[in-house]
Every structure is written in C-alpha cells, then in structure tokens.
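Trainee: Sequence:
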Amino acid sequence: MEANELRIGNYIQLHRNPTDKFMSVHSIKSIFFYNKESGYYYSKLDDDFEVNLDSDVEPVKLTEDWLLKFGFDQMKESTTYEWKDGDYRSVQVDLKSNEAEIYLCGYDSVMSSQCFPVDHIQYVHEFQNLFFALKGKELTLK
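Just so we're aligned: 24 in UniProt numbering is position 24 of the sequence shown, and the numbers increase by one with no gaps anywhere.
Treat the hints as calculated values from the structure; they're not laboratory data. Take these hints with a grain of salt, some might be off.
[What the hints assert, rightly or not] Straight line, CA to CA, 25 Å or less: simulated DMTMM-like cross-link-like pairs of lysine to aspartate or glutamate:
{"id": "1", "residue 1": "135", "residue 2": "101"}
{"id": "2", "residue 1": "76", "residue 2": "119"}
{"id": "3", "residue 1": "137", "residue 2": "119"}
{"id": "4", "residue 1": "29", "residue 2": "138"}
{"id": "5", "residue 1": "84", "residue 2": "101"}
{"id": "6", "residue 1": "36", "residue 2": "56"}
{"id": "7", "residue 1": "36", "residue 2": "50"}
{"id": "8", "residue 1": "137", "residue 2": "65"}
{"id": "9", "residue 1": "84", "residue 2": "94"}
{"id": "10", "residue 1": "69", "residue 2": "138"}
{"id": "11", "residue 1": "76", "residue 2": "64"}
{"id": "12", "residue 1": "61", "residue 2": "46"}
Quick caveat: nothing in here was measured; it's all calculated off a predicted structure.
Model the full assembly from the supplied sequences, consistent with the hints where possible.
Mentor: Here you go:
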C-alpha cells in the first residue's frame, strides 16, 4: 500500500507498539507532509496518534463484517452484498474469491437488473475510494 492511495476517512491497521500481538484499526483524520528530504507522509489518526503512512500502517482486508458495517445487505444465500441507492441503482460486492468483485447495477421498472463489473479489490481503503468515485458519497459505519 502506498501513502498516495490513502484519503482522509480511510481505515488502516497498525501495531501501536512493537510488542503488540494484534493490530488495531483506525481511520485517518488528517494527512500532512512532514519531511521534504525523506518524502514521507504522516497521518493523524482518529485518536490523534501520529503515524508514518509509508512504513507504519497496513491495509485492512475487505470482509463480510466490513460490508455489513458499511450498511450493505447480504443477498439471499449468496456471497454477494448490496447497497441500494434509491429504487433503481445499487453497488454489489461479491466476496467469493480472494478479491472482491465490484458491480454497478441498474434496475428497470419490472426489477430486472443489469450489472456491470467495475473493479477487483482486496482492501477496505480501496473500496472506500472506489465507492466515493462511483457514488460521490463516503462510506460510513452503521
């Protein structure tokens, strides 16, 4: 993961202390350029902890739990999750493989759908960025 892939609001994970066994997940509160010589980007997290985005953080894997937290609904007996935008459009995510397959779907008046593949992604920050690019809305935790 490169620092230039990240935006304010993206979720990342890190070891707060080198001795921590588990990583903690945080959202990025601000991004600032700290050192011109090194070129490193630093971030302030949701709890005001500051980290180097180029070396201290790792991406968070996109999972069913994350999709549910973002307000997606599981489609019946399926590995696909859906977020509806009004009556006739949706974003669908299929988690059947190692990467999530993202679809933008439209429905007509008789509820038949036409879905178009958009991208394959693995991580929460990629999904947040793609969702914003497609819908112009930030994903928020429900």
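Trainee: What are the numbers of the hints that this structure violates, sorted from low to high?
Mentor: none
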